[in-house]
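Chains as they are written, first to last, in my numbering: chain A, 1 to 262; chain B, 1 to 281.
No wet-lab data here; the hints were simulated from the structure.
Think of the CB as a built atom: it goes at the ideal place given N, C-alpha and C, for glycine as much as any other residue.
Mixed in with the good hints there might be a few duds.
Claimed, not checked - On the chain B side, residues computed to face chain A include the following (Cβ under 7 angstroms):
hint : residue
1    : T35
2    : R38
3    : L114
4    : Y122
5    : A125
6    : I126
7    : P129
Unchecked claim - The calculated label-pair distances, taken between Cβ atoms and stated as ranges, are:
hint : chain 1 : residue 1 : chain 2 : residue 2 : range
8    : A       : R258      : B       : A270      : 35 to 43 angstroms
9    : A       : F171      : B       : T255      : 45 to 53 angstroms
10   : B       : H138      : A       : A138      : 43 to 51 angstroms
11   : A       : F176      : B       : E266      : 19 to 27 angstroms
12   : B       : L157      : A       : A129      : 27 to 35 angstroms
13   : B       : H46       : A       : F171      : 33 to 41 angstroms
14   : A       : H36       : B       : D205      : 53 to 61 angstroms
15   : A       : F176      : B       : D48       : 41 to 49 angstroms
16   : B       : S162      : A       : I125      : 36 to 44 angstroms
17   : B       : R209      : A       : R258      : 50 to 58 angstroms
18   : B       : L157      : A       : M51       : 27 to 35 angstroms
19   : B       : H138      : A       : P262      : 32 to 40 angstroms
What the hints assert, rightly or not - Calculated from the model, a selection of chain B residues having no Cβ within reach of chain A, i.e. all distances over 12 angstroms:
hint : residue
20   : S73
21   : G89
22   : G190
23   : E223
24   : P244
25   : D254
26   : E266
27   : T279
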Amino acid sequence: MTTPTTTTATRPAPTGALNASRTLATAARVLRQLRHDPRTIALMILIPCVMLFLLRYVFDGSPRTFDNIGASLLGIFPLITMFLVTSIATLRERTSGTLERLLALPLGKGDLIAGYALAFGTLAIIQSALATGLALWALDLDVTGSPWLLLLVALLDALLGTALGLFVSAFAASEFQAVQFMPAVIFPQLLLCGLFTPRDTMHPALEAFSDVLPMSYAVDGMNEVLHHTDMTAAFVRDALVVAGCALLVLCLGAATLRRRTP
Amino acid sequence: MMNYAPDPPSAAREATAGAAREATAGTAIEATALTVTRGPRTVLRHLDFTVPRGQITGLLGPSGCGKSTLMRSIVGTQAKVTGTLKVLGRPAGHPTLRTRIGYVTQAPSVFDDLTVRQNLDYFAAILDPGRAAADRRHADVTRAIADVDLTSHADALAGNLSGGQRNRVSLAVALLGTPELLVLDEPTVGLDPVLRRDLWNLFHDIADRRGATLLVSSHVMDEAERCHRLLLMREGEILADDTPDALRTRTGTDTVEEAFLHLVDEAVAAGRAQDAKETAR
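Between the sequences and the hints, there should be enough to build the whole structure, so can you do that?
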């Protein structure tokens, strides 16, 4: 044990609401944690590709069906993986005591949430880029619009997944509960989002319900890109709805972070 | 003091706060009628005490007596705190205190999937952000790792370390940035005697050289002898607030442990008398 010196810097006063350095440091830390877990990264990035590959040959006889479902899934995969990864990661942060420690330090709640969103957003870009590239060029997914728009929706979906995961982790006391939130939060959206059947052919009550679920807009947006060469007004609306939902849920998630706990 | 509402302090309030700081220069923590409830249970009952600056104050008592709750109240992470609790001249939980207090929770709160150095790098970046401070942070991190004797394990994953080593990583985080007040919840649990002695030497060094205040909890009574002052707790109340010597003299005992047992017996007897009075009424 060495003798501590007296010449170290004093701690500076905390600063405003969102601090870029602290946000970036948090994002870098989350990515660094993941880097020590290569298996998770491999699973996150490869599974969507494998699923698309599988789907392509499931619908070997009807390429039109693969176009429809494949494009929708490009939006749904990032949402589901980011939801799972974020809910478990933030739950671990809550139960390991590091969250309490961080909130006792001059870290803004916004810094923490933005850091998480940034880190998982980066992963989502890689995941979506690989999946989209594979679908378009190797699996002959027939898309009328720009692949960049597909990527944009996929990224917004990933952010939505991150936001939802962050939010539900506040209500889970254990990993068991956190995983169960996936069927509770994601499956109903999956059934109603228009993946299995167009939304306007569902029972009117269900159609109305699907209108308030963000995943419906994610899938609608993907379908707009699938059928139109230009960025349509409907696409812009869909993208804004998904982005707005992600932002709203992120704010709700920030509200679940309490500096003082019972 | 209730939960702190983060509004910008006015110049007038700043001035009174300054005057208050002057008046309480010798006091790091000041509690008046401090009460904390957790669920249906009142964990801390109407505590009044002060912790002097620049000294090591030991917080001793059996497990479950409210030591951790008291520490969480002081660092501002405990909800449902009533009464007055001033820390370094500010209400506990004030945002400006977050950089001035180092806090170690009972269970080591570090990231298991980061190395020791990566853990400290991250917490240092939260305390002292910005690229301009990178060199200062690097020196600070290296020093903190050396302080807890983990230099040879700096690049090991925290999750692969032993319990005692992870505890020390957690302690190193609290030593970052030379805080004025260190709140350490059972920092020596599970450590061997040599390390325990070294850590206590480090605590004394921090108090003597840096003039920092330390509040160290323990349920091991022999550590009490190493503190300047003691707060003895039992069932959410403070039994004694004195120096180890004065405690032994007052109770006519040889060790702090005996003094504590003596005081517990007294408190139990007094409690029985009180109960009898209340039933009579």
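| request: Run the structure past the numbered hints and jot down the numbers of the failing ones, going up. | output: The structure breaks hints 1, 11, 14, 17 and 20; every other hint is satisfied.
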